[in-house]
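Reconstruct the complex from the two isolated chains, following the hints.
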Amino acid sequence: MMSATTEPGPGARLDHDHFALFGLPPRFQQDRGAIDHVWRELQAKVHPDRYAAGSPTERRIAMQWASRVNEAHRVLRSPLLRARYLCELAGQPVQDENNTAMAPAFLMQQLEWREAIEAARQAADAAAFERIETELGDARRALVATVAQALDGEPRDLPAAVARVREWMFLERLLEEIDTHRP
Amino acid sequence: MALLQISEPGMSPAPHQRRLAVGIDLGTTHSLVAAVRSGAAEVLRDADGQALLPSVVRYLPGGEVRIGRPALQALASDPHNTVASVKRFMGRGSQEFSAERTGYDIVDGEGMMRLRTVQGEVSPVEVSAQILAKLRQLAEDVLGDDLVGAVITVPAYFDDAQRQATKDAARLAGLNVLRLLNEPTAAAIAYGLDHAAEGVYAVYDLGGGTFDISILRLAKGVFEVVATGGDTALGGDDFDTAIVDWLQQEHGLASLTAVERRGLQVAARQARERLTDAPSAEFIFQAGGRELAATLDREQFARLGQALVQRTLATVRRALRDADLAIDDVQGVVMVGGATRMPLVREAVGGVFGREPLINLDPDEVVALGAAMQANLLAGNTSPGDDWLLLDVIPLSLGLETMGGLVEKVIARNTTIPVARAQEFTTFKDGQTAMAIHVVQGERELVADCRSLARFELRDIPPMVAGAARIEVTFQVDADGLLSVTAREQSSGAEASIQVKPSYGLSDDEVTRMLSDGMCSAEADMKARGLREQQVEARRLIEAIRAALAVDGDLLDAAERGTVETALLELADLAEGDDADRIRERIESVSAATDSFAARRMDRSIRAALRGRNLDELA
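Chains A and B supply the protein sequences, listed in that same order. So the first sequence is numbered by the numbering used here: it starts at 78 and just counts up by one. So the second sequence is numbered by the numbering used here: it starts at 8 and just counts up by one.
Pulled out of the complex, with its shape left as it was, chain B reads as follows (with noise of 0.2 Å):
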C-alpha cells in the first residue's frame, strides 16, 4: 500500500547508476558481507567460494597482520598475538574481564580496554576496523567499484558505549555507515521480505558472543519492533567454556597454559558442533603436558548448557512481558545465528513457544541480507512503493545521577527511535554555579549497578538561592541508537549548552589521526579516497536539493530560488576540482542555505500525510 505518491529527495532511484551499498554482519564467531545485486540480497564469497570470515586477527612480528582463516589457524598456537571474538571487548573497560579468563593480555585503555601484541597495544576498535576493512575490499572486488556506504550490524541489546565503538571502528575501516542495525531486525527484514510475513514474530539470535530476542510487528511495508531484550555476554562461547570447565573437573587439571585452554577451547567448540548432528562426539586434548580423550554426548552436554539456555528463556519471557503480549499472539519464531543450530536449543525454544522454530533461511546469513537489504534502501536504490519502514526501540534505559546515587531515568527501554526527551533540574545549594551532569544506562536503580556513559559540567549558572535554576537536560537518541545530551539552564534566560558523547566513542580527530597513521590504506590513497567521497557527496547533495525543487520549488521565491541554484552552480563546478576541502565547505554552506526549504517541505509533507491521501486537496 502505498501511502503518498509524493517522491522525497534523493529516494527516487537515479536512473544512471545504483549506489553499491553493502551489509555487514560484524560477528562474533565470523563476519560477511552481503549486497542486492540484481534484485536479490545475496552474500559475497572471496575469490575461494567462502561468504564466512572468521572475526579472528593475528599480529605478526614486522607489522603484517592476518585476517580471516590464516588467522583463526593460529588460534591455539599464537594466542597473545591472535585476537578472536574481538566483539566481546568492544566499549569495554579492561576491569570487566580476567587475563586468565580470556587468555588475553589485557592492558588499561582509555574509556576502553587494550590488547597486547607483538605489535603493540591494539583497541578493540582497531582490530574490528581490521575485519570490516577485509570485508570492504572483498565488497569492492566483488562489486567492482566504490562503495557509497554500509549498514553495520550490532546486537540489539548493545549499549550506547558497544554502538559507538562499532560505529568507530566501520569509520576506521573507510566505511561510510548508513545506518547501525539491530540484528534481529536485520534478520526480520530478510525473512519477513522472503515471506511477505505478517504478524507478530519473534526473533531468536544466538550468536557466538551474544544473545538478542526482539519482537516485532510485521505489516505491509512496516517492520515495527515492539520489545527487545538480550544479554551481550551470552553465546556459543559459553557453551565452550562450560565443556571445558567440565573437563578440567573431570580431569582434576586445576591450572591450564593459555595455550592449552585457547586448544581446549577450540576443541569443545568443534565437539559441540558435531553434537548438531551426532548424538555424542570423542575428542582429543593436550592438558598439563599430557594427551587426553574425553567424549561428550548430547545429555551430558544438555546437563552442561541448561543453566544458559534458561536464562535466555527468562529473557524472551520479560521481553514478552515489555510487549505486552501473550506467547499465543507470537505468529512465528525466527532461529538467527549459529549457536541456534544447537538441537537443546532449538527444543528449548520450540517448548516455549509451542511451536517449532523457523530455521529456512541460513541462520548464519540472514542477518547480512537483511542488512543489505537495508543498505540499498537507504542508499535509494528501491523505488517508492516497494519500500519498507522501520521502527526500532532503544534497547536499555537512559537516565541521570541524582542525589544520593539514584538514577532518574529519562528514557524507558523499548521506546521507539529516534526519540528526544527533556527533564528538567535544579541546584540544590544556595548560589551553585555548576552541575556535574551524569548520564547512565541500565535498569537498576543504583548508579554503581548501571553502565557510566558520560559525564560533563553545566558552568556558567547564575548564582541563585536553591532550588531556583531550571537546568533543562534534553537526550536525544538518533535512529542508530546513539545518544547526544544537551543541558540549558533557562531560569534567568543565560543559556549553555553542551553536547557531549559517550566517554567509549573515539572523537573525530582521533579517527582523523589513526586513518593518517595509515591503518588500513597508505597516505595516498586516503587523500586521493578523501576527494572522491568530497566529491561523491556534493554530487550527492546537488541531486537532492534538484529533485527538491523539481517537487516543492514552489515554496521559495524568486529570489530564494537564484541564491539555491546560484550555490548548486558553484558546488557542481568546484565539484570538478580537487581541492577536497573546498568542497567540503561549500557543502555545508549550501546545506546551511538550503536550512529553512528543508524545513518547509518537511511541515508539508507532514500536512500531506494528515490530510489524507488527496494530494489535489494540497494548499
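Pulled out of the complex, with its shape left as it was, chain A reads as follows (with noise of 0.2 Å):
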C-alpha cells in the first residue's frame, strides 16, 4: 500500500490548491494510482454519506468537502488539466479564450489535420480517420514530452509550457471531432 508522499502543510483547508489538498508534489508528472489511492481515501473521510447520521451542519460541511475533492481528483487526473492547472498556479493562465495566439507552423499543420478529417467525414472514410488518430496521437506524446520537460524541469520554462498546453488543447479538439464524425 502506498502513503502519500509529502506531508499536508499545518492543515488541508477548503482554499488549498488541489495539489496540497492531495499532499502530491506539484509538478506534472504523477502516478495515476496513487493520485486515484487518495481520491478514495480522502472522499473515505468527506463523504457526506458519511455523515447522514449527523448534524445538518455536518452534512452540509461534508458535501462541500467531498464536492472539493471531486474537483480536485477531476483536475490532477487528467494530465491536460493538470498542466493547464500547474500554469495558472505559477501565475501564467493559459487564456484559452483571450489569447489565442499560435506558433505559424502549429497552425498550418493544424489546418491541414481538420481539411483532412473533413475529407474522411465526406468520404466516410474509416481507414482514414483511423491515420489522422494515429497521426494525432504520436503528436500529442511529443507535445506532452515536452510539457513535462517544460514545467518538471530545471528551471521550468513557463512560457514554453503555456504554448506547448495550448496546442495540446487544439489537439484534443480535434480529437474529438474524430470522435464524433467516425462512421
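Quick caveat, the hints were computed from the structure, so don't treat them as lab data. Keep in mind that this is a model prediction, so the values were computed, not measured. Positions of the beta carbon are idealized from the N, C-alpha and C atoms, including for glycine. Only true hints are included.
Each pair of labels, with its calculated beta carbon distance range:
no., chain 1, residue 1, chain 2, residue 2, range
1, A, Glu231, B, Gly46, 54 to 62 Å
2, B, Ser603, A, Gly110, 32 to 40 Å
3, A, Ala180, B, Asp467, 41 to 49 Å
4, A, Pro236, B, Thr440, 36 to 44 Å
5, A, Ala219, B, Gly46, 52 to 60 Å
6, B, Glu289, A, Arg109, 53 to 61 Å
7, B, Gly474, A, Pro236, 23 to 31 Å
8, B, Ala455, A, Pro236, 39 to 47 Å
9, B, Asp585, A, Asp108, 57 to 65 Å
Part of the chain B face toward chain A, derived, beta carbon under 7 Å:
no., residue
10, Val229
11, Asp485
12, Ala605
Here it is in C-alpha cells:
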C-alpha cells in the first residue's frame, strides 16, 4: 500500500490548492494510481454518506468537502487539466479564450489536419480516420513530453509550457471531432 | 481494509437500538421494499406472501383509492381512473405525451402534467406517493416500528426534474429520504457485496419503462461509477407496444378505443412474458368489437424488438467510450430488471460482451436489496470496517443558456458527485442591471434541444459598461444528484445571490399543504408523526454531537464546550415535551452553534487521511 508522498501543511483547508489537498508535489509527472488512491482515501473521510446521521451542519460541510475533493481529483487525474492548472498556479493562466496566438507552423499543421478530417468525413472513410487519429496521437505524445520537460525540468520554462499546453488543447479538440464524425 | 480507525459521529451503531431503514425500488411496472434484518437484506412480503406490488393506482368515485393488485385487475376495464406506469410521467410536461398513445386523459399542470380521474386531477407525484405510502405501511407492519428513513432508487439516467419529483413523492408519502440511489448502482452493491466482486462490471438494467447502463469499478469497500448512460423512455412497455402495433397492422385495425388498447397492451405483455419459456405464445384480444386470436413466435418477436435492443446496445457502447474502457476490460455483466428475462435481450447483451450475463440474483429484487443495504449503512447500523463507499456520477451534463440560444456546459456528464463548479459570465449591454439565468440539462449544443430545469433573474447588478460585471454562477449537485444554482455579482463588491430549485419540483409549502390535506394520513396522525419525527431528530442530533465530543472534544476550549453542553441539555429537555415547533427551532440553533466545531473536526479528519494511517502523529 502506498501512502501520500509529502506531508500536508499545517492543515488541509478548503482553499488549498489541489496538490496540497492531495498531499502531492506540484509537478506534472504523477502516478495516476496514487492520485486515485488519495481520492478514495479522502472521500472515505468526507463523503456526505459518512455523515448521513450527523447534524445538518456536518452534512453541509461534508458536501462542500466532498465536492472540493472531487474537483481536485478531476483536475489532477487529467494530464491536460493538470498541466493547465500548474501554469495557472505559477501565475500564467493559459487564457484559452483571450489569447489565441499560436506558432504559424502549428497553425498550418492544424489546418491540414482539419481538412483531412473533413475529407475523411465526406468520404466516410474509416481507414482515413484511423490514420489521422494515429498521427494526432503521435503528435500529442510528443507535446506531452515537451510539456513535462517545460514544467518539471530545472529551471521551469513557463512560457514554453503555456504555448505547448495551448497546442495540446487544439489537438484534443481535433481528437474529439474525430470521435463525433467517425462513421 | 479499514483506512482509519476514527469513528465518525453517528456512525457507531447505537448499542441499544437499530434504526429501521428500508430500500424501495419504485418501478414502472412494480415496486418493492426491502430491509436488512439480522445481518442480511431481504425483500418484505405482504400478508399474502407477495413482494412485488404492481405500480398501479386506481381512483374510485367517492374518494377510495386502490393500490397494487386490485388496481391492476381494473387496468383494462377502467383505463382512465387506473394509472399504470406512472414513472414515465414523473417530472414531465403534458406536451411530451399523446393521450391517444397513453390512453389517459392528460391535462396541463404547472410544471408537470396531470391526469384527469374520477377524483379530479392527480399529478404523477401524487400517484407515486400512493405507491410509496403503501410500501411504507407494509414495512412498518412487517418491521413493527416507525422507519427513520428510506433509500429510494431512480434510474441512473433520470434527470434533475425526475429526481426532484421522486423525492417529492417520498416526502408526500411521509418518508424521510436518506438518499436517492441510482438503480444500477444499487444492483452493483447487492451483487458486489454478495459475491465479493472486484474489477470492472457493467450493469445492464432494462425495466418496464426505463433503460440504464452503468459501468462500475468495484474494489473492496469502494463502488465507483465510471460512466452511465440510458434512456428514460425505453423499457419492456415498448416491446409490448411494438407487439400491439404489429397486431394492428396484421389485422388492419385502424383505431382502437382506450379500453381495447389497454386490453391489447395487457395481452401483449402476457404473450411476451410467455415467450421467455416457450417458443411461441397464442393469445386472444378484443378489437373493433370482435374477438381476435393471434400467435407470436420468438422469430417474429425478435424482428419486432430488434430496433429496441439495438438502441440499448448503442447506449452501452457510448458508456464504454465515456469510461475510456474496452469490452475486454469488463469482468462481468449484471442483468437487472424484469425485461432482461427476454431471451432476445440476454443473447444480444451476451453477444456484445462476449460472455454470459450474470443472472444469479433475481432481476426483480436485486435493486431493492442493494437499496436496503445502503439504507442500513446510512442509518448508521454497520460497524466501521464493514462499511463501504459509494461514488456515483451525474448522468447528464448541466449548463447555462448563453447568447444565441447556445448551451455553455458547466458540469459534464459522468462527473463524480457531489460536485460544485463555478463559472464566470458578464453583461453584454452598457448599464445592464439584471441578468436572466436559464439552467438546462442535456448533451446537445442548442438550448432548444436540452431540458429546461430552471430560470431565474439576478437583479441589482450595479450599472457598468458591457463586459465589466463579473457574475459568478455556481452549480452545486448533491449526493442525490440534485442541483442548486447560485449567482453572485462580484466586480463591485455588491453581491446578490439566489437559490433555485428546478421548476418541476414542489415547493416545501406545497408539500406541507398536500400533507395537511390528508392525502396519506389523517391530520391527527400527521401531527403525532410530526412531533415524533422532531423528537427522533433531536435525539439523533444529541447523540451525534456527544459522539463527536467524545472523540474530538479537545478541539473546543472550556468555554466553547460549556456552551455546547448547556445547549444539549436544553434540547434534551425540550425533546421530552410535546411542542414540535420549539424542538425544531432548538435543533436548528444547536446545529448552528456547533458549526465551527464540525468544520474543525472535518479539517482534522482530512489531515489524518493525508498523513496516512498513523493516528499517533495527529497533532
